[in-house]
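> Make a model of the complete structure from these sequences and hints.
So the chains spell out like this:
Number of protein chains: 2
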Amino acid sequence: MNRGTLYIVTAPSGCGKGTILENAADKHGLVYSVSATTRHPRAGEIDGVHYFFKSREEFEKMIKDDGFLEYAEYCGNLYGTPRAAVEKLLDEGKDVLLEIEVQGAMNIMDKLPQAATVFILPPSIKELRRRLLKRATEMPEVVEQRVKQAICEIPFAKYFDFVIINDDIDNAIRDFDACIAAAKHLRKCRGKDIDNKITEVLKNE
Amino acid sequence: MNRGTLYIVTAPSGCGKGTILENAADKHGLVYSVSATTRHPRAGEIDGVHYFFKSREEFEKMIKDDGFLEYAEYCGNLYGTPRAAVEKLLDEGKDVLLEIEVQGAMNIMDKLPQAATVFILPPSIKELRRRLLKRATEMPEVVEQRVKQAICEIPFAKYFDFVIINDDIDNAIRDFDACIAAAKHLRKCRGKDIDNKITEVLKNE
Numbered sequence: 028m029n030r031g032t033l034y035i036v037t038a039p040s041g042c043g044k045g046t047i048l049e050n051a052a053d054k055h056g057l058v059y060s061v062s063a064t065t066r067h068p069r070a071g072e073i074d075g076v077h078y079f080f081k082s083r084e085e086f087e088k089m090i091k092d093d094g095f096l097e098y099a100e101y102c103g104n105l106y107g108t109p110r111a112a113v114e115k116l117l118d119e120g121k122d123v124l125l126e127i128e129v130q131g132a133m134n135i136m137d138k139l140p141q142a143a144t145v146f147i148l149p150p151s152i153k154e155l156r157r158r159l160l161k162r163a164t165e166m167p168e169v170v171e172q173r174v175k176q177a178i179c180e181i182p183f184a185k186y187f188d189f190v191i192i193n194d195d196i197d198n199a200i201r202d203f204d205a206c207i208a209a210a211k212h213l214r215k216c217r218g219k220d221i222d223n224k225i226t227e228v229l230k231n232e
Numbered sequence: 028m029n030r031g032t033l034y035i036v037t038a039p040s041g042c043g044k045g046t047i048l049e050n051a052a053d054k055h056g057l058v059y060s061v062s063a064t065t066r067h068p069r070a071g072e073i074d075g076v077h078y079f080f081k082s083r084e085e086f087e088k089m090i091k092d093d094g095f096l097e098y099a100e101y102c103g104n105l106y107g108t109p110r111a112a113v114e115k116l117l118d119e120g121k122d123v124l125l126e127i128e129v130q131g132a133m134n135i136m137d138k139l140p141q142a143a144t145v146f147i148l149p150p151s152i153k154e155l156r157r158r159l160l161k162r163a164t165e166m167p168e169v170v171e172q173r174v175k176q177a178i179c180e181i182p183f184a185k186y187f188d189f190v191i192i193n194d195d196i197d198n199a200i201r202d203f204d205a206c207i208a209a210a211k212h213l214r215k216c217r218g219k220d221i222d223n224k225i226t227e228v229l230k231n232e
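Residue numbers (my numbering), protein chains in the order written: chain R, 28 to 232; chain F, 28 to 232.
Please keep in mind that the hints were generated in silico from the structure rather than gathered at the bench.
Since the structure is predicted, the reported quantities are computational estimates derived from the model, not experimental observations.
Note that identical chains are pooled: a pair holds if it fits in a single copy or bridges any two copies.
Lysine-lysine pairs mimicking DSS-like chemistry, simulated, CA-CA at most 27 Å apart:
id, residue 1, residue 2
1, Lys175, Lys230
2, Lys161, Lys224
3, Lys161, Lys175
4, Lys161, Lys230
Structure (structure tokens):
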């Protein structure tokens, strides 16, 4: 069986990443990587589906055992990407979506050289601010904080395989579809594979 | 205007490259790069369309002036890819197809780091031989010679951005479509561009 492709996808907050990825997951049967966390489950959250819920002790043991591709602490809770779960899905031939914030993506990229990496940009900071304010779920001060963070994050786009500008959600979805379709043929995704593939083409002449 | 994307596409003889590229040119409005040659025009061939027809003196002057991205001599005639013609098309925002044999592609890749490069593989050597024999335009000895050359060329596939296996022409056409659609978002294609693009996104906040 062919090993699946791992997609590391990131974007500043408010760039429409969630919508683009939900669409891609539905349409192409991509599987989300499930994070582990030490925070308590909220109503309706299922262990192994929304998160792997861990005690602080379990989580810290996993850190010691190098069990995370990356992890970070937010608001007193630990969050991380369990290495074994991602590897298992890939070995089963599944294509895996790793949706992660920019710094996490930068940290994880070096450890996963076979992954296809995608950065989603807003068309402009002005438009990003407009979208964040339109959500109306956050105070204007929080929006300004997110805008500032986006300004710091956007220059990292140049380290990613693919860069998509979400100026129009339908276009961005199509752009992402194209990257997914092409990633199977990307040399780096074929990485370890390509030598085997060449051997296979050449055998039994 | 955005600069066009250059596609360098190669394959061993008999891999279906011609069919795939004609389809892509039609469907996506890609423009073929026109080669220069010192051979005499055949009936119906138009200067500037099929080839740029040059005298040996003109051709050699262009070589001296570094006017070719690559050139080679076959059967006493010189063939080359004129640099200025390709650059002009790209500057006009056109996407350009450079269809070239494997060694030429290897030579040209370093000079054109912004190009998206594609290698088309046969599913197997056995199948490649079958396809070449089916053409029936060539003697079996010539077919064996082409097969031997393919065996030498196939290992170079690993240096290309995208590798497509033409096991089924409709699939291969779809694969090539996907690579073309995604190449616009490839970091390397955006190369010089991406810093400008980031600056543009960040300005006028």
